[in-house]
Amino acid sequence: MTDQEQIKTAIAQMGDGFDILILSIPEWGGEADALRGKTIWDGIDESVLLDILSYNVNNVLQTVRAAIPFLRKGALKRIVLLTDPTASIRETDEETDYAYHMSQAAAGMIMKILFNTYRPEGFTFRCYADDGRRAGISACEYLLTEQSYIETDDYIHSDENRLVMRDGLLREISW
Amino acid sequence: MAYKILLNTLDNRQARKVSRELATEGHEVYALIRAGRPGKIQMQCSLLLQM
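Chains A and B are the protein sequences, given in the same order. Heads up: the first sequence begins at 357 in the numbering used here, then just goes up one per residue. Heads up: the second sequence begins at 2 in the numbering used here, then just goes up one per residue.
The following block holds chain B by itself, in its conformation from the complex:
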């Protein structure tokens, strides 16, 4: 069963690895992307491409 999955950040080695593995297995993986420092957040929710 393919799950829809959200990561709070990709600014973490483990998170990047897990997101790649999950996407490879066919799950629908999204991640919150923060651009800028606290107080200047631009939040995006991005669907990661399957690897």
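The following block holds chain A by itself, in its conformation from the complex:
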């Protein structure tokens, strides 16, 4: 059985459908530890780097592919990404853990594609960037919050009609 089929079989154990899919990038142990704390200037092993990227990104992609038919049957049809500000290409000041942060950036791209594809079907999306502070609202609160939606309003004024990444203080983090 392929990875994809295994995931689909596993999700089917939940029943006919579900409401919220929460995505995050796995934090590996093992070989990934060989890269932990290293910068791109430290002579990191590229084969390990690619292995981590492949595993992390495929994990998200395979889950999404298998989950969409079940999410369609749910009441909320919501997809959530848990990430952190270091995933922002524009704002990051992080130099270490390149494979992990690249994986997060790729997950942001996947969310954008999902938004463009499934928002017209009524799916909703939340991206929560945890900056490590204990201020504001938690990811749990944020992902359950309803956002502004006025059908006639311009998309830029609606967090439901554009893909926005926010931290606990609801500040918008640029992609």
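Please keep in mind that the hints were generated in silico from the structure rather than gathered at the bench. Only true hints are included.
Calculated cross-link-like contacts (lysine-lysine; reagent style PhoX-like; alpha-carbon spacing at most 20 Å): (1) A/Lys-364 / B/Lys-5; (2) B/Lys-5 / B/Lys-18; (3) A/Lys-429 / B/Lys-5; (4) A/Lys-364 / A/Lys-429.
Using the hints, position chain B against chain A.
Using the frame of chain A, we list chain B on its own:
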């Protein structure tokens, strides 16, 4: 309203925290568990116990 929720992994600090909070609030929370390296995946979908 209690929702049925799936996480793609628990191998992430934020994901573990969120799953605990959601389960505590009474939502039905599941997670995909991968045992082993790529190519040797054993996939499970586990219902997390309420904390």
